[in-house]
Amino acid sequence: MRRLGIWLIGAGGYVGSVTALGLSAMRRGLVPSVALVSDHEAFRRAGLTAFDEIVFGGHEVRRDGVGLVENCTGFSAIVSPDLLRQCRADLQRWQRNIRRGTLQGDGFRPAAGRSNARSAERRNPDASGAAAVERLTADLLAFRSAHKLSNVVVINVARTEPVRRSVTRLSSWDRLQKRLARRGPSPLPASSLYALAAIESGCAYVNFTPSVGIDLPVLRRRADERGLPYMGRDGKTGETLVKSVLAPLFMMRRLNVLSWLGYNLLGNPDGQALADPQVRRAKQQTKDQTLRRLLGGAGRASGDLTTRVGIDYVPSLGDRKLAWNYIHFEGFLGARMSLEFRWHGVDSLLAAPLVLDLARFTELELRRSAAGAMPHLAFFFKAPMQTREFALHRQWDALVSHVNTGCPAPDAEGDDPAFVRG
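Each number in the working numbering comes from the position in the sequence shown (counting from 1) with 3 added on.
Don't read these hints as lab results, they were simulated from the structure.
A virtual CB, placed ideally from N, CA and C, is assigned to each residue, including glycine.
Do not rely on the hints blindly, as some may be mistaken.
[Said to hold, decoys possible] Label pairs and their in silico Cβ distance ranges:
id : residue 1 : residue 2 : range
1  : R257      : Y329      : 15 to 25 Å
2  : R224      : S36       : 30 to 40 Å
3  : Y329      : R256      : 13 to 23 Å
4  : Q281      : S174      : 21 to 31 Å
5  : D85       : S319      : 20 to 30 Å
6  : L144      : E228      : 12 to 22 Å
With the hints as constraints, model all of the structure from the sequences given.
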């Protein structure tokens, strides 16, 4: 039997916990596959890995004793308590697959003084970036061996990191290895250390966050050399998903968008992290990219495009998110008009099914011995790698076409092309 391991960076967070709950519910046949793209009729011939063949594990830096069960219990106002009860055994079993993450590369600096230094060592056991990669790699290899897994897909769902520009200077593999071996803070951010561990352990890698991850030339080359697929960045779950549908409408209708302003309110730990200006800037860059690519090019009728993305942390919202958008545009004879929309979502429940989708689609690439970036998965990302296509309907066509390449022909009744192509 083919077995797939999903290894989440940030496995003990809200997205990781809800992903585990959703996987358990699907394995047990307790819920329909609503919101799971990979269960769309368009992919029924692709032979994607069944949910009961998937094992959950991951890395987590939090040491507060809050596990998968406790996190999922926090969603009891949204998710049926009976569902939580039926999935509890799976969550408890998978909790044992979660290993300690690394604080290397997160800006950590040991404090002066012996007692503080001992405390720091307990918090961050990795003396160097290389030591962190070695330990994380060992965790992945042990996970694969213990569960007899055919393939492992590592997916980063951890909190967004602050923008770091200095990492682009590490252009050669030899130079990177030397820098990583030095005792002290890692030259790579934590997200890239996890990506490197995935590469060194022969796992595929997907970055669901705006953090750097594998998106450095030296790491991409290493993955290419190892024959591994990868993709990112920043999962497209709500507001930007709507933007990628609406923006092509204005473009095709030749309505000149003058301004597009968005304002986001969220209250979960991701929202708390985004209160940091440097972290918020990383998120704003990916959220703005879709509009800039679709509306800011040479095809514009006239004038400059003003775009802004505001993000505020509102603790009382919990995992709920509100996004308000105001679009000011110009029509025939210079008439100015506007469109507004509001998105009310539950952040983790929007993200979790896409994490499962990405694991299944990526595992298919591993079976096909594909390597390098997976631009056909652009449908899932705000800032997809190695593609210039940001319109959702075209991204969907690319996904369907690629996944079904080489699949058995449709049965006698055939597929409805309009349905398959969305």
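To see whether the hints hold, each was checked on the structure:
1. R257 to Y329: 15 to 25 Å: Holds: the Cβ-Cβ distance is about 21 Å, inside 15 to 25 Å.
2. R224 to S36: 30 to 40 Å: For S36 against R224, whose Cβ atoms are near 37 Å apart, the range 30 to 40 Å holds.
3. Y329 to R256: 13 to 23 Å: Hint holds: Cβ distance 18 Å, inside 13 to 23 Å.
4. Q281 to S174: 21 to 31 Å: Since the Cβ atoms of Q281 and S174 sit about 23 Å apart, the hinted range of 21 to 31 Å holds.
5. D85 to S319: 20 to 30 Å: holds, 27 Å
6. L144 to E228: 12 to 22 Å: holds, 19 Å
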